[in-house]
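Participant: Chain by chain, the residues run as shown.
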Amino acid sequence: MKKIFAVALGILTAIGGFLDIGDIVTNAVVGSRFGLSLAWVVVVGVIGICVFAQMSGRVAAVSGRATFEIIRERLGPRAALANLIASFLINLMTLTAEIGGIALALQLASSVHYLLWVPLAAIAVWLVIWRVRFTTMENVAGLVGLALIGFAVALFLLGPDWETLGRQVLHHGLPDTEKATTYWFYAVALFGAAMTPYEVFFFSSGAVEEGWTTKDLAQSRMNVLVGFPLGGILSLSIAACAAVVLLPQAIAVTSLSQVVLPVVEAGGKLLLAVIIVGVVAATFGAALETTLSAGYTLAQFNGWSWGKFRRPAQAARFHLTMIICVIVGLGVLLTGVDPIKVTELSVVFSAVALPLTYLPILIIANDPQYMGEHVNGSAMNVVGMAYLVVIVVASLAAIPLLLITGAGS
Amino acid sequence: MTLPEPADTAAVASRLLDARLHLLDRQVLDCDKVPVTTVDDLELSEIPEGPLDADTPAPTITAMLSGSFRFTRIFGGRPPMSRLDRVPWSDLAEIGSALRLYTPRSRLEVGWLEGWLAAHVIGKIPGGRDDPQ
Numbered sequence: 000m001k002k003i004f005a006v007a008l009g010i011l012t013a014i015g016g017f018l019d020i021g022d023i024v025t026n027a028v029v030g031s032r033f034g035l036s037l038a039w040v041v042v043v044g045v046i047g048i049c050v051f052a053q054m055s056g057r058v059a060a061v062s063g064r065a066t067f068e069i070i071r072e073r074l075g076p077r078a079a080l081a082n083l084i085a086s087f088l089i090n091l092m093t094l095t096a097e098i099g100g101i102a103l104a105l106q107l108a109s110s111v112h113y114l115l116w117v118p119l120a121a122i123a124v125w126l127v128i129w130r131v132r133f134t135t136m137e138n139v140a141g142l143v144g145l146a147l148i149g150f151a152v153a154l155f156l157l158g159p160d161w162e163t164l165g166r167q168v169l170h171h172g173l174p175d176t177e178k179a180t181t182y183w184f185y186a187v188a189l190f191g192a193a194m195t196p197y198e199v200f201f202f203s204s205g206a207v208e209e210g211w212t213t214k215d216l217a218q219s220r221m222n223v224l225v226g227f228p229l230g231g232i233l234s235l236s237i238a239a240c241a242a243v244v245l246l247p248q249a250i251a252v253t254s255l256s257q258v259v260l261p262v263v264e265a266g267g268k269l270l271l272a273v274i275i276v277g278v279v280a281a282t283f284g285a286a287l288e289t290t291l292s293a294g295y296t297l298a299q300f301n302g303w304s305w306g307k308f309r310r311p312a313q314a315a316r317f318h319l320t321m322i323i324c325v326i327v328g329l330g331v332l333l334t335g336v337d338p339i340k341v342t343e344l345s346v347v348f349s350a351v352a353l354p355l356t357y358l359p360i361l362i363i364a365n366d367p368q369y370m371g372e373h374v375n376g377s378a379m380n381v382v383g384m385a386y387l388v389v390i391v392v393a394s395l396a397a398i399p400l401l402l403i404t405g406a407g408s
Numbered sequence: 000m001t002l003p004e005p006a007d008t009a010a011v012a013s014r015l016l017d018a019r020l021h022l023l024d025r026q027v028l029d030c031d032k033v034p035v036t037t038v039d040d041l042e043l044s045e046i047p048e049g050p051l052d053a054d055t056p057a058p059t060i061t062a063m064l065s066g067s068f069r070f071t072r073i074f075g076g077r078p079p080m081s082r083l084d085r086v087p088w089s090d091l092a093e094i095g096s097a098l099r100l101y102t103p104r105s106r107l108e109v110g111w112l113e114g115w116l117a118a119h120v121i122g123k124i125p126g127g128r129d130d131p132q
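Residue numbers (numbering that gives the first Met the number 0), protein chains in the order written: chain A, 0 to 408; chain B, 0 to 132.
Warning: the hint list may mix true and false statements.
These stretches of chain A come out as covered by chain B in the derived footprint (C-beta under 8 Å, 3 or more residues) [unchecked claim]:
{"hint": "1", "stretch": "75 to 85"}
{"hint": "2", "stretch": "130 to 141"}
{"hint": "3", "stretch": "158 to 166"}
Keep in mind that the hints were calculated from the coordinates and are not lab data.
In this text, a Cβ means the ideal position worked out from N, Cα and C, and glycines have one as well.
With these hints in hand, go ahead and build the complete structure from the sequences.
Facilitator: Encoded structure:
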């Protein structure tokens with residue numbers, strides 16, 4: 000019974016924790032402009048993150064080494080430093096976007112301007128990291144984030160023409176107003192939103208935080224293989240809501256209030272309230288994860304002591320890094336830069352940086368000196384290699400597409 | 000990692016270590032498994048200058064270096080002469096997926112910044128010394 004409870008809790012947390020501001024915004028933007036014609040990318044991205052998270056979690060559980068320790072060890076100091084700079088900056092951008100997302104959601108709830116919420120959100124994020132136990136933090140954010148199921152409920156309440164939605168999924172026809180390059184730009188953005196590198200830094204370091212061993216591998220596989228796809232379904236229902244309500248009215252999403260417009264239409268204020276709770280929890284959870292990831296990556300590259308399971312004074316540089324990162328994110332937001340724009344850029348750059356973190360993990364997952372009997376099986380390697388190709392192509396295409404399309408505008 | 004545990008001296012001699020793969024850039028843990036540093040470079044025993052005689056003994060690893068030695072590996076140049084960031088090879092207890100030492104962190108020269116920040120910054124913030132569990 001206890002075991003079933005643990006499995007259920009893990010899965011629910013994974014569902015709720017899957018979405019962040021990048022997923023929410025990108026799916027709504029794509030749904031409002033392309034309907035469900037990019038739904039296939041979400042599927043590809045979700046399978047990708049399952050493969051990636053599963054491998055890095057397994058490496059961490061078996062060897063006790065988290066992702067960036069491995070990157071440093073396998074790439075050597077030069078390439079790893081370049082990787083660190085790229086990963087760290089992108090993570091910082093995502094962190095900024097998440098704190099902005101919390102503030103935007105609170106603005107929706109309160110009609111108080113989001114810039115007034117930003118400092119409070121930043122302080123709250125730091126306080127939770129400073130004081131709250133790792134598992135408590137993870138479970139609460141994940142479970143409350145389940146409120147985002149409201150998007151799926153909204154979709155049913157809207158009573159859409161399922162046949163039209165199905166046609167959008169199967170026929171990747173472009174709306175007349177959109178160019179093919181824009182379509183592919185958003186394909187890369189959606190892929191980056193689903194496969195954000197911080198998720199993997201966090202997942203593997205979290206395995207060390209929670210002291211996973213090989214005994215926990217089955218549980219972790221369940222969390223990933225069931226929780227993430229269900230989270231992906233929530234992503235798709237956000238896109239579908241936008242496709243049903245916003246696409247016909249030619250409203251292109253540029254703000255969080257437009258993201259939740261279909262919810263208001265379907266379920267009124269009550270459902271909106273549920274969704275806002277979900278968005279706050281999801282962005283808050285992701286803000287915690289990205290802040291911790293900033294500490295994890297820098298500490299692991301340098302061999303510093305890290306982890307929330309230690310007293311802060313026993314991981315001083317780790318905690319100082321996180322404090323500085325939250326302050327930097329806060330500073331960026333206070334310049335008045337649009338958090339939604341930061342979000343849209345962060346998912347594209349996530350796609351750019353992905354091969355840098357993916358390849359070392361794929362190599363180590365095949366190294367018997369590290370993994371013993373838990374090396375990748377041949378089926379896993381076929382999938383892993385296929386995704387290496389997809390990830391490299393998306394990474395190479397991202398910046399040219401960004402420039403050609405002017406960030407999708 | 001599962002490098003075979005050396006059963007006797009013969010096994011030690013036959014155990015193949017690749018400096019780049021198994022030592023450099025590896026995480027170093029102290030005797031309580033607390034991360035201390037990474038191996039940024041290795042220090043070898045003195046090699047005489049000029050042409051070497053046939054009976055010159057082979058150099059041995061004397062220490063693991065870290066900190067400022069990282070920059071010379073990334074950017075090249077002469078390593079700094081200070082020996083602050085040095086862990087003697089004799090402290091090494093185990094070579095695994097991380098390198099484990101016999102000594103506690105407090106007795107090592109590396110990571111002085113960690114100690115300073117713990118004492119003067121992070122430890123000063125309320126709750127900085129509380130056990131999170």
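Participant: Any hints from earlier that this structure breaks? Give me their numbers in increasing order, please.
Facilitator: 3
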